[in-house]
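A.B. asks: Sequence:
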Amino acid sequence: MPHPRPPALLHMLDKHPDLGVKSLPCHSGEPIPVPNEWYQQGDFVIGGMVSMANYQFNEVSFQQHPSEEYFEHPDVLTKFYQHVLSLVFAVKEINENPEILPNVTLGFSIHDSYYNAIMTYRTTMDLLFRSERFVPNYKCDTGRNLISIIGGYSFGTSSYIAHLVKFYKIPQLTYGSFTPQDVHSTEIPFYYSVVPNESSQYIGIIRLLQYFGWRWVGLFAIDNTEGEHFLETMESLFSKHGICSACMERIPYLTYWDKLFEMFKTFNNIYKHIIDEKIKIFIICGESLTIAWLTNIIFGLDPGHEQTTLGKVWIMTAQMDYLLTGMNKKWDRQFFDGSICFTIHSKEIPGFKEFLKFLKPPWIPGDGFFPLFWEQVFDCLLPSPSLTKLDEHICTGKEKLRDIPGALFEVELSGHSYSVYNAVYVLAQALHALHLRRSNHKHFLRHKSSEFEESQQWQLHQFLRGMIYNNSLGETLTFYDQKKMEGGFDIANIVVFPNSTFQRRKIGKVDPDSVKGQELVINEDMIVWHRSFNQVLPISLCNEYCHRGYQKRKKEGKKFCCYDCVPCPEGKISKEMDTVACFQCPDDQYANHKKDGCIMKTISFLSYKEPLGIILTTVATLFFLTTTWVLGTFIKHKDSPIVKANNRDLTYTLLISLLFCFLCPLLFIGQPGRDTCLLRQSAFGLTFSLSISCVLAKTILVSLAFKATKPGSRIRSWVGKRLAVSIVLLCSLFQASICIVWLSTSPPFPELDMHSTTEEMVLQCNEGSVVMFYCVLGYMALLSFASFIVAFQARKLPDSFNEAKFITFSMLAFCSVWVSFVPTYLSTRGKAMVAVEIFSILSSSAGLLGCIFFPKCYIIVFRSDLNNREQLIRRFV
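Per our numbering, the sequence shown runs over residues 1 to 877.
Source of the hints: derived by calculation from the structure; they are not laboratory data.
Note that the structure is a prediction, hence the values are computed from the model and not measured.
Ideal Cβ positions, reconstructed from N, Cα and C, are used throughout, including at glycine.
Where hints are given, some of them may not hold.
[Stated by the list, open to error] Below 25 Å or equal to it, Euclidean Cα-Cα: the simulated BS3-like pairs (lysine-lysine) are: (1) Lys559 / Lys278; (2) Lys575 / Lys601; (3) Lys278 / Lys601.
[Claimed, not checked] So the derived label-pair ranges between C-beta atoms look like this: (4) Arg437 / Glu348: 29 to 35 Å; (5) Lys240 / Pro98: 49 to 55 Å; (6) Lys516 / Thr828: 52 to 58 Å; (7) Lys240 / Asp675: 40 to 46 Å.
Based on the sequences and whatever the hints tell you, model everything.
C.D. replies: Below, the structure is given as structure tokens:
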């Protein structure tokens, strides 16, 4: 039964018939049997392509016959024998399950890829065409009804298979590799990946590094397209998440042993990074043999195994597996103790361990993988006619799998074996769905052998893409984007013991369906780190963490993970280690001395209990008492010439206003409140305006009094109480109007000043409208200036009790105080600002009291002889 023309490779095989025989030539020219095949007949056959025996070849030089250039001895990956057994076990379960494919038996045909492209193509064609004899592109009988192929382990192997099976529309389910991002579904249209989406693993690696704070990480990747894609993706994700690659090396893809010397140069570079004490974390992306190759080279470069004491954390991707080969199974592997592995999610399959108990000689005769596996793991020879009883190391059949190191073979089901198991169930249920879809069940059975390959293989695709499957454990299996299996990854910790055995502990998982940022679930307490860490969390940084109170500063020419630590600027802090930039404390707090924390600011205001408040209160009280004494003295001597000569009513009003002026500072001392803030500036402005208005009225009256003495002067009619009252009322009412407008539009209010001082919050009065505040001061300045001008002009009038001189001095003192007040007030903050205003009020009020009234009090009290009418008239004349 002919098929469409095969790919070009078949023409090459036609020209090299030696590749069509099931043997490998060696140096001597004798054939080496390659018995890695297991066939079980069934109505429908599932093909399997595993990778167990690694026959490394020398590159064909065309200088001699290719049969003389092959390498003789295989490197057996005994651990992957479990992939074979999981497929067989799944087929056995389905055949025993009456609910799936009743009256139909499944068979299998399992081959080895031998880690070689030529042999992978050859064994793939065995799956497609060979029954009792092999004729490429022809089906000579109907002995094998291949419905699908499960394999291979690496994408390279899977792609070799896909190159052939795509011509025949046979579904291919790969169980160990991711589909590269640059491969389109049109290139491999019948290719399905039973492993989860690769992006979930990238997310998991980033979240793992972030969880433990690892920022200086070495990257090792196999030197092929998969490794290149891994390095590009990780470098991009690293830059987005604040992680740096300390090194980025490509592990040679070892395909030919005669190139081993060239590869040692690369491994020398890798070894230099491994012994770098700064780099504690390495991420390895490779394939099944990567760890084995890495181990061979490391121990080859370091025969003394000194590096095994150097603690590292190896993070391995899901494509890899922790395994030993026949070449290095006796080596100490504690260098990888504490490794963290991303693994394909798996669960324990009931009955699988019991199935393995039957795994001992003579086993099943048709299993061509078993002899190679058994002889390798137990280092013995199975009995055969060619062996004598005197031969050493003959297998007794009493060897036990539990005595095998886990790196050689695991009794626990691995993630890749679980994927093989799931792939069988997916195919069986897709075939079962196709079976149910056919209306005539008998017709299906009648034609299952003869017509399936032609009419039904391609029909499986519509069921593979659109269905939801369940395995025997009840787990749901669904293809993501029709080609990739949904789900996440398990995270395991490997504990290696001195005898090369190891324990794999599940410590967490990656759940891509979780909330962003919470995809990683990990139990840190279960992790066992490399013994050199003494169970202390490893730290992998370009430099030490910046302590609290410091911030990072980038080093020129270095990656952003390498930085200097500099103290925080003044007023800023850093509470956490390795802070990028220090930050300001909240407004109600300030930085402590170490700049690693904030201290609550105390509320500050000019209090009666502090020394400055006590002093100012005492001074204000003394001046108030002094003014009261002066007022009492003037009232007591109200009929004396010196009191009468200076307008007693204005004098009393002035002294009373000064009393209030000395009481004003008491509104500025103490905790500001709503009422005190409203009153303090208004009271100050009104009382001072009243005082200066009285001074202005006294000055004008003195000046007019002397001019009115001239004969025929009309000014005499203006001199009197009405003029004085009018001046005082008019000037005071104008200031009162300003204050009313101020309080009505934008009144003062209490506030906390957070920024004036470092360690305190100043409770003060906000003036509301600064313009209105300076209008009050400006109006007072205008009155003071007017009083000064009038008094200065009248200072030389002939009067023994002439107040003009004293008023001039008092206004000069008053103006000096308030002129110096403005810049001083604007340049101070907090309590000092309040103290400056109180001092200005007291000093200017004291200037008025002293300059105007103390000379008169001196005459009244100490020189009463001058306080008489005769003295006044004599001096006037």
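A.B. asks: Does each hint hold? Answer for all of them.
C.D. replies: Checked hints:
no.	hint	result
1	Lys559 / Lys278	holds (15 Å)
2	Lys575 / Lys601	holds (18 Å)
3	Lys278 / Lys601	violated (43 Å)
4	Arg437 / Glu348: 29 to 35 Å	holds (34 Å)
5	Lys240 / Pro98: 49 to 55 Å	holds (53 Å)
6	Lys516 / Thr828: 52 to 58 Å	holds (53 Å)
7	Lys240 / Asp675: 40 to 46 Å	violated (59 Å)
The structure shown violates the earlier hints numbered 3 and 7.
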